[in-house]
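*Asks:* Those protein sequence lines, which keep their order, are chains F and Y. Numbered per this note's numbering, the first sequence finishes at 151, counting up by one with no gaps. Numbered per this note's numbering, the second sequence finishes at 214, counting up by one with no gaps.
Because the hints were derived from the structure by calculation, they are not lab data. A few of these clues could be false.
[Stated by the list, open to error] Derived DEER-like restraints, expressed as beta-carbon distance ranges: (1) Y:A186 - F:A86: 33 to 39 Å; (2) Y:A202 - F:D105: 35 to 41 Å; (3) Y:E141 - F:A89: 41 to 47 Å; (4) Y:K105 - F:Q55: 25 to 31 Å; (5) F:Q77 - Y:N201: 46 to 52 Å; (6) F:A86 - Y:F154: 35 to 41 Å.
[Stated by the list, open to error] Residues on chain F that point at chain Y, a partial pick, calculated with CB under 10 Å: (7) V68; (8) S96; (9) A102; (10) G103; (11) L106; (12) Q130; (13) V143; (14) D146; (15) E147; (16) L151.
Glycine residues also receive a C-beta, built at the ideal position from the N, C-alpha and C atoms.
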Amino acid sequence: MNADEEPPEERLLDEDAGPMVRPYVMTGGRLQPVRGKFDLITLVVATRDVPGVQPGLGPEHLAIVAHCQEPMSVAEIAAGLDLPAGTVRVLLGDLLDKGFVMTQEPQPEVDVRDQRMYEVVLDELRTL
Amino acid sequence: MSSGRSERPAGIRMMPNAIKILIAGGFGVGKTTLVSAISETRPLHTEEILTDQGVGVDDLSGVEAKNTTTVAMDFGRITIRDEYVLYLFGTPGQKRFWFMWDELSLGALGAVVLADTRRLADCFPSVDYFERRGTPFIVAVNCFDGARQFKLDEVELALNLGPNIPVMLCDARKRASCKEVLITLVRHAMNAHAEPPKAVQGSA
Numbered sequence: 024m025n026a027d028e029e030p031p032e033e034r035l036l037d038e039d040a041g042p043m044v045r046p047y048v049m050t051g052g053r054l055q056p057v058r059g060k061f062d063l064i065t066l067v068v069a070t071r072d073v074p075g076v077q078p079g080l081g082p083e084h085l086a087i088v089a090h091c092q093e094p095m096s097v098a099e100i101a102a103g104l105d106l107p108a109g110t111v112r113v114l115l116g117d118l119l120d121k122g123f124v125m126t127q128e129p130q131p132e133v134d135v136r137d138q139r140m141y142e143v144v145l146d147e148l149r150t151l
Numbered sequence: 011m012s013s014g015r016s017e018r019p020a021g022i023r024m025m026p027n028a029i030k031i032l033i034a035g036g037f038g039v040g041k042t043t044l045v046s047a048i049s050e051t052r053p054l055h056t057e058e059i060l061t062d063q064g065v066g067v068d069d070l071s072g073v074e075a076k077n078t079t080t081v082a083m084d085f086g087r088i089t090i091r092d093e094y095v096l097y098l099f100g101t102p103g104q105k106r107f108w109f110m111w112d113e114l115s116l117g118a119l120g121a122v123v124l125a126d127t128r129r130l131a132d133c134f135p136s137v138d139y140f141e142r143r144g145t146p147f148i149v150a151v152n153c154f155d156g157a158r159q160f161k162l163d164e165v166e167l168a169l170n171l172g173p174n175i176p177v178m179l180c181d182a183r184k185r186a187s188c189k190e191v192l193i194t195l196v197r198h199a200m201n202a203h204a205e206p207p208k209a210v211q212g213s214a
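One chain only, chain F, in its complex shape (with noise of 0.2 Å):
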């Protein structure tokens, strides 16, 4: 009676809980980049546009390229084109290798004591 009173985390997980095996279908079955590690805020941006058709490379290939013009994360790009980010990883490994975009990895926690790191990042949520 109340079922659209559900929480709405609980909700989206059901919603998506259907199509779950196709993305293994788009990596081959691989659960592992060939390679590079892409965290979820691995910035990654296409070295050039959109190809034709390539040989080795699907539709969601071609989808993640055309996506990433401008550096998105990898948390963006799998919301973007609406994949679990374990496939968007695979996918993109593939292209690293092909060379068709390139990746740029989070700071190590070394560099969080970077300190004007911090005051660019203060400065700038006070203006919001």
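Put chain Y on the given structure of chain F with help from the hints.
*Replies:* What follows is chain Y alone, placed relative to chain F:
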């Protein structure tokens, strides 16, 4: 010579650095609301598929026939000039997701633990986790409509927090309030990460 950190092909612009802030707390405490209120985009939604290997002996009732499960996360983005991109990840607070937090909190600037005074215990696991891991965090008490106003020191007491952990009230629906929360966290993280002033030179 000294700072050749990556081999960018010539002609490709500098990429910004990505920074991560975690928004943790119990189920339905307002994590996604906070992310929506402050993010420059509408909150995005992503999922990780977890295989049996990652999942412990936890009872995932309702999914017993599956050997995978998914963890949903909502996140938002704030662009800081051309230099940084700040990502806010609303992370599920339940203990069974801790193995995923290890990845999420790697390199994170810090975390906001959102608390609801009606279910304060829901944020204990998050507080425990960040304390143990040494991730700088603050506690923000989300003031829901009709929620009775708690005194902050009561919350502090109940959470048994260290003396330097900031605790504040917030309204996760209001941008200005969320902004204060983030500023408080970044300031706290800056102090927490800062090396003690004279410790470098000599240890007396």
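*Asks:* Could you check the structure against the hints above and give me the numbers of any it violates, in ascending order?
*Replies:* none
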